[in-house]
Amino acid sequence: MSKKILLVSRHAPYGSSTAREAIDVALAAAIYDQDIGILFMDDGVFQLLKDHQGKYINQKNIDSMLSALALYGIEKIYVHQESLDNRTITTNELILDDLQLLNSIDVGHLLSQQDQLLSF
Amino acid sequence: MDHASIMIFSLAIYSAPYSSQASYTAYQFAVALLSQGHSLHRVFFYQDGVHNATNLAAPPQDEFDLQKAWQQLAKDYQLDLVVCIAAALRRGILNEGEAKRYDKASHNCAEEFTISGLGQLVEAAAVSDKLISFGY
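One line per chain: the protein sequences are C and F, in this order.
Using our numbering, the letters of the first sequence map in sequence onto residues 1 to 120.
Using our numbering, the letters of the second sequence map in sequence onto residues 1 to 136.
Since the hints were derived computationally from the structure, they do not count as laboratory data.
Misleading hints may appear alongside valid ones.
To be verified - As a list, the in silico SDA-like pairs of lysine to any residue whose alpha-carbon atoms are at most 20 Å apart:
#1 C:76 / C:109
#2 C:3 / F:24
#3 F:130 / C:99
#4 C:3 / F:130
#5 C:4 / C:63
#6 F:130 / C:91
For reference, chain F alone in the conformation it holds in the complex (with noise of 0.2 Å):
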């Protein structure tokens, strides 16, 4: 590929995993673009995509493990994964900084998801060539 044809891609994800194959559908996008060359800024979870960063959904083990999935690629291509904290807040997604800022008595926001504002969909949305939603 010439470089001239190299996109800067965002994801924003609004459904929640399994009950919606909309975060499925924004993995395979994902899996797709790097492996054409394109770059990934940020992948963000909003509304009830901030789901995809609970690290106590256990699936069935003949199930495709979605988070496990991101977390992999996360590595792999030193992904963004950021969750709304408005959105995650609001729905029990919590990291140790905000339980314990909400005195609660756990935490389970998963490893390569990290917890901030709406600010970086919006720093996304500018600094990205193609900003692509999946989810209602």
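Isolated chain C, as found in the complex (with noise of 0.2 Å):
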């Protein structure tokens, strides 16, 4: 049985073990074959940025870990583009280029189309 689920990352990528444990859900839902999405947004859009130095806060880096989710058949990954915007932050800055931006009314729609959700 596969399902339309949507995980939405809300968290930076350090400081907390939240956005880790987030994509470690997302991989799991792909080995499953799950119909798996990933929205980022508020602080979760500073995961996508490049060039992460994660060895110095004895870290693994984010953004190795999410470079891995086409690997993993994950091709939906959706970016709420005022989060972006909210933080100076431009497309040119991040990783993985197949991003879809969304603004606010889309990330409704998108919401509204899921079977679950999973909110980090």
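Take the two lone chains, each set in its own frame, and fit them into one complex as the hints suggest.
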């Protein structure tokens, strides 16, 4: 049985384990062949910045974990445009070039299309 | 309640007991849905939610014992209380088998709680009509 699942990631990459444990859920969902998408919004967009230096805080780089999403067949990766704008982040600063940018209205539509939401 | 409106629920709990109200709210939600005749497929403990499973917590006697309440509910309704193994190992929640595997002197996973993988959360999402998350 496959359901349309959206994982919403709203936390910064470091400082708490939330972002990392959210990615683990996404990968698990992909392994179990679910129709999974990921939406980055609020501080979650910081995860998508290039060139993390996690080694200075003894952390694995979140950006390289995110680069693995495609290998697991996760193709639906969404980013909330206003979250980027509010943090003065431009798209050329981001890893992954197949990101889909959504405004707030698009996000509303996306959420309403899902069978399940997993919010982190 | 007519049969058509019966739903299958699963709950995901992400916060530690006591320091956050989320686990208790999830418990109340579980009691409410079961009392209305719905079915509860699984309760999945992830992130700091895994602390719900330690059998070493000793709350004061005049305070609500949430773990005991989960255990009783699990017995009454044959609930599947599952703790994420990756999150549990990092936070020091171990069953006997994992304690042996990692050469630890003791184990602390409470009765009625099962340690398993994230696939159980994904499976719960797939088979349940509603997956409800508690905690951040």
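Going through the hints against the structure:
1. C:76 / C:109: Between residue 76 (chain C) and residue 109 (chain C) the Cα gap is close to 15 Å, so the pair holds against 20 Å.
2. C:3 / F:24: Violated - the C-alpha atoms of residue 24 (chain F) and residue 3 (chain C) are around 28 Å apart, more than 20 Å.
3. F:130 / C:99: Violated, at roughly 28 Å.
4. C:3 / F:130: holds (11 Å)
5. C:4 / C:63: Violated - the C-alpha atoms of residue 63 (chain C) and residue 4 (chain C) are around 25 Å apart, more than 20 Å.
6. F:130 / C:91: violated (35 Å)
The structure fails to meet hints 2, 3, 5 and 6 from the earlier list, while all remaining hints are met.
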